[in-house]
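A.B. asks: Residue numbers (my numbering), protein chains in the order written: chain A, 7 to 251; chain B, 7 to 251.
Just to be clear, a hint being listed does not mean it is correct.
Subject to a maximum C-alpha distance of 16 angstroms in a straight line, what follows is the list of computed EDC-like cross-link-like pairs (lysine to aspartate or glutamate) [stated by the list, open to error]: (1) A:237 with A:248; (2) A:124 with B:79; (3) B:234 with B:159; (4) B:237 with B:219; (5) A:173 with A:219; (6) B:124 with A:79; (7) A:83 with B:219; (8) A:83 with A:104; (9) A:173 with A:159; (10) A:124 with A:136; (11) B:83 with A:219; (12) A:234 with A:136.
Hints in this document: simulated from the structure, not taken from any laboratory.
2 protein chains.
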Amino acid sequence: MRLKATISYDGTQFSGYQVQPGERTVQLELEKVLMKMHKGERVHVTASGRTDARVHASGQVIHFDTSLVIPTDSYQKALNVQLPSDIRVLSVEQVTDDFHARYSVAGKRYRYIWDCSKIQSPFRRFYTVETRGIRPNVEAMREAAQLIIGTHDFTCFCAANTSVVDKVRTVHSLNLEWIGDELHMTIAGNGFLYNMVRIIAGTLWEVGVARREVQTVAEAIEAQDRSKAGKTAPAHGLYLEEVFY
Amino acid sequence: MRLKATISYDGTQFSGYQVQPGERTVQLELEKVLMKMHKGERVHVTASGRTDARVHASGQVIHFDTSLVIPTDSYQKALNVQLPSDIRVLSVEQVTDDFHARYSVAGKRYRYIWDCSKIQSPFRRFYTVETRGIRPNVEAMREAAQLIIGTHDFTCFCAANTSVVDKVRTVHSLNLEWIGDELHMTIAGNGFLYNMVRIIAGTLWEVGVARREVQTVAEAIEAQDRSKAGKTAPAHGLYLEEVFY
């Protein structure tokens with residue numbers, strides 16, 4: 007029986023999602039608990055995609071195959087009882103065997119949060135990127151965002167060390183809104199290249215603080231050149247919020 | 007010159023406020039930075055009172071004497087640059103030499119937060135106490151709160167291992183309100199005994215989940231008997247929010 011689960015995790019104390027020898031990762035913690043539930047049998051967990059160290063998820067999706075016949079509600083509770091409290095299983099549902107957490111993805115939505123208050127609340131230090139009171143020009147950032155929305159070759163927003171060949175993706179929406187002193191960027195699209203959201207966040211930030219002109223964003227996309235885009239924004243401001251199937 | 011500073015800290019990674027040999031405490035971190043600023047000279051920091059391990063502060067007040075002549079704004083910035091990010095200095099002001107962070111206190115306000123959502127967000131695990139979806143009867147808790155407001159001998163709400171003799175205090179206000187799925191208790195008074203807020207929170211919780219009758223709260227106060235009150239609620243739900251002078 008194949009199960010699909012939606013999970014949330016605080017990325018602060020993880021070396022990312024994927025298993026790496028000697029590191030604490032989300033996948034490792036999930037598989038440890040499932041192995042216990044399956045009396046020592048290894049259960050492989052597949053996620054919609056990896057997240058890096060310190061990146062958070064409020065709606066990551068995973069799938070795995072299980073031999074246990076337990077109602078999905080009880081399955082969810084059993085997982086939450088045994089998992090560390092920085093991973094929570096929000097829902098579990100049975101899916102057909104052709105569902106695949108990664109290959110079936112139709113799109114994703116991410117959130118990026120800057121804390122623009124003068125003094126960052128210590129309670130938000132792992133969950134937002136502090137700007138030491140700098141408040142960017144959001145109108146300029148929105149103008150630049152309009153240049154990113156649509157179907158483009160996004161080579162300029164992709165970390166150089168990647169093996170993906172086809173870098174054409176579609177960004178469906180890219181919004182910026184203030185929530186109190188926090189600036190939230192939300193971006194949805196059919197797929198994202200490695201570090202793409204963080205490089206877009208870093209580039210829009212540079213536009214917002216007048217370190218680059220709006221038009222340079224169109225030029226960077228056109229040039230398909232990573233060096234023409236902005237810096238990669240820090241990991242701990244990023245949340246994988248929803249995966250669409 | 008005497009300075010008064012309002013500070014905020016995330017109590018998660020501290021063994022409380024007060025210096026203890028071999029432990030990471032808020033006072034130690036403050037005094038380490040001040041010692042550096044004073045070229046090796048020890049500067050003693052006095053707080054409005056101690057907070058326990060994992061207890062947070064959004065408005066703790068401290069004072070210290072300094073020989074440095076720096077504008078208070080720059081003093082605040084210098085402290086924040088050198089302090090770890092789980093302590094932030096919100097403001098610094100010069101006060102007269104007769105101001106004393108502890109002895110001059112006229113009152114304090116604390117906040118206690120329960121997260122009553124079915125699944126606690128991993129991002130809130132250090133900052134709220136999870137109830138696994140249990141939602142208490144807040145009307146009953148408010149009735150019990152009315153019995154606590156006023157001037158009483160609060161021996162029943164004081165940890166047994168205390169050396170304080172006079173246990174008469176005045177609680178000015180004690181409110182309960184929902185903020186989303188979180189239940190927030192705020193309590194203000196002229197002074198609080200050791201563990202008093204956490205024992206009140208624990209006792210009101212027991213009323214809310216029908217583990218005790220409202221009237222038992224009056225009886226516990228009357229009896230001046232710690233064993234007649236409820237359990238001490240966990241530390242990480244508690245915030246020192248404001249100190250009045």
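A.B. asks: The structure should be examined with respect to each hint, and the outcome stated for every one.
C.D. replies: Results of checking the hints against the structure:
{"no.": "1", "hint": "A:237 with A:248", "verdict": "violated, 25 angstroms"}
{"no.": "2", "hint": "A:124 with B:79", "verdict": "holds, 12 angstroms"}
{"no.": "3", "hint": "B:234 with B:159", "verdict": "holds, 14 angstroms"}
{"no.": "4", "hint": "B:237 with B:219", "verdict": "holds, 15 angstroms"}
{"no.": "5", "hint": "A:173 with A:219", "verdict": "violated, 24 angstroms"}
{"no.": "6", "hint": "B:124 with A:79", "verdict": "holds, 12 angstroms"}
{"no.": "7", "hint": "A:83 with B:219", "verdict": "violated, 31 angstroms"}
{"no.": "8", "hint": "A:83 with A:104", "verdict": "violated, 25 angstroms"}
{"no.": "9", "hint": "A:173 with A:159", "verdict": "holds, 5 angstroms"}
{"no.": "10", "hint": "A:124 with A:136", "verdict": "holds, 9 angstroms"}
{"no.": "11", "hint": "B:83 with A:219", "verdict": "violated, 31 angstroms"}
{"no.": "12", "hint": "A:234 with A:136", "verdict": "violated, 24 angstroms"}
The earlier numbered hints that this structure contradicts are 1, 5, 7, 8, 11 and 12.
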